[in-house]
Structure formats: structure tokens, C-alpha cells
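The task is simple: from the sequences and hints, build the whole structure.
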Amino acid sequence: MSALRIGVIGTGIMGAPMARNLLRAGHAVTVHNRTRARAEALVADGATVADSPAAVARGVEVVVTMLPDSPEVEAVMSGPEGVLAGAAPGLLAIDMSTISPAVARRLAARAAEAGVGFLDAPVSGGEQGAIAGTLSIMVGGDREAFARAAPVFAALGRQVTYMGGPGHGQMTKLVNQVVGATTLAAVAEGVLLAERAGLDPEAVVQAVGAGAAASWMLREQAPRMQRRDFAPGFMVRLQLKDLRLALEAAKQLGVPLPTTAVVHLLLNAVEAQGGGALGTQAIVTALEALAGRTSGGNGD
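Numbering-wise, our numbering puts 361 at position 293 of the sequence shown, and it's gapless, one number per residue.
No lab work stands behind these hints, which were simulated from the structure alone. Being a predicted model, the structure only gives us computed values, none of them experimental. Incorrect hints may appear among the rest.
[To be verified] Computed spacing ranges between beta-carbons, pair by pair: (1) Ala299 <-> Glu212: 36 to 44 Å; (2) Arg73 <-> Arg295: 37 to 45 Å; (3) Ser70 <-> Gln320: 21 to 29 Å; (4) Thr327 <-> Glu149: 40 to 48 Å.
The beta carbon of each residue, even a glycine, is placed where N, CA and C say it ideally should be.
Right, here's the structure in full:
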């Protein structure tokens, strides 16, 4: 498989390890980040830094964006110094952020007018998956563009699924976030109940994880809650954004998501107490506040 010239815009918690995996796969990578120092940190790995999204687009065959929300992606794609401003016909743009499906469809249409392919390809797996190159990638857009993106996805993910036309990748990611966030909240409730009952934390995860309640959230996040490790693999404020998008989409489709709405409120409570940059496992602190005191552990 021949090497590609790939641009990565957004080199934060997810984007930086993704850029490194593209470099390890043999691709030539140009990076750009609003905070330039984060992009320059990748020079030692072999990346080149560009001054703007347009400059990235001028020198590559594929542009990957990994940004916080819909407005940032629209600005980076369509702004005066955006990707489309620097793109030649034939460029492939892959947005791997989590944004509104409607915005993804709008960007796909704008890209098509410029002769640029566009895929919405959000990911699941968090920072660990980005580092290991084992992300689950959900892709919407043109099938031909999807085929062209195969070498990029091969370096970044383990499971790559074509979901349909523009916006379908983003809608699938919102389904993922609904399932993941509500499961996380259930795990937090179980952790708090077990702690109050005086059960051995490690034994609880071992016992429950061997039965029908087993999940990635239980295996990975329950121990973090128990030892008060709230370092972000995925931040509270980003999960809030994703659930807001899911609730908006559900409203448009006439689908009730009552459990998701409650989880959104719990995460809002964490953010209101200054925890927006914590990992989503910090949702347990909102339940602890409702219970009247903090659980035992290293953070007390």
C-alpha cells in the first residue's frame, strides 16, 4: 500500500496519537493546531507543521480533522483560511470529530461543489484507542471516497464500518454515545452502591464483569471511579456536547431518550462544579453529591 501525504488538523488528546500512527504507517504527515505548540510537539515524530488549514490542504492528498464541535469543524473547512480555500479538486477530507449530522451533510455538499471528497468518520475508543490504533470508525459519505480512505483508516482503527451517505457516520456515533454514556452512569450507580455496602471494589468488578452486566465501561471505568482517577480519556464537556447533539437529533426524529436526558443532567452537575475537563468517569461525583458525601479513595 503506497504512502500518502496526509494532513491532520487538531492535535489534542485524540488527534496527536492519530497523527503518530499515520507516521508509523509510513505516511507523510503535515499537522496544524490552533495552539501551535501542540502541533510542534509532533515534529520530533516526523511531522511537518503548517500555519493554517488552507496551507495543510495545499500540500496533501488527504486531510483529517479532529476538532471539538460543529462550529470549529465548519470554520476549519469553510473559513477564509480553511481547507476548502486551499484545496485542489480531488482532495479527500475526512472529519473524524463528533459533530451534528446536519452539519456533516452541509459540509459534504460544500466540499462536492469544490470537487473535494468528504467523509464524516467519527470514532469510538477514546485516548487509549487512538494511541493503540484500535478505534472503531463509523463512516458516512460517498462509497468511492470511503474506498480511497482505506489506508488512512487502516492506520487508525480496528473496526471500520461504512454506514451510508453523508451524516450517517455522525448519527451512528450519537447512537454510540447514548449507549456508552447511559452504561457509564449505570456503572457509577453500581460503584456507589457497592462502596456504601462495604463490598470489596475489585471483587465487585470481577463478579459483575463475569455475568450479563459485563461491559467495557464496567471493566475500564469502574476501577478508575473506585481509585478516584478522573484523568480524562474523554472529557466531561465533550460528552455533554455529544449528548446534546443526540438529544437534538432525537427531538427532530420524535424519539424519547429519558435516560440520556438524566445522564446529561448528571454530567452538567459535574461541569458546574468545575469538572468539565475531567474524564467522564467523574460522573460518579454527581451521584456522590446527591448521596450527601464523597466515597472513600485516594481523592478524599
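Against the structure, the hints come out as follows:
1. For Ala299 and Glu212, the Cβ-Cβ distance of about 41 Å falls inside the hinted range of 36 to 44 Å, so the restraint holds.
2. The hinted range of 37 to 45 Å is satisfied by Arg73 and Arg295, whose Cβ atoms lie roughly 43 Å apart.
3. Ser70 and Gln320 have their C-beta atoms about 42 Å apart, which leaves the hinted 21 to 29 Å range violated.
4. Restraint check, Thr327 to Glu149: a C-beta distance of roughly 42 Å satisfies the suggested window 40 to 48 Å.
The structure fails to meet hint 3 from the earlier list, while all remaining hints are met.
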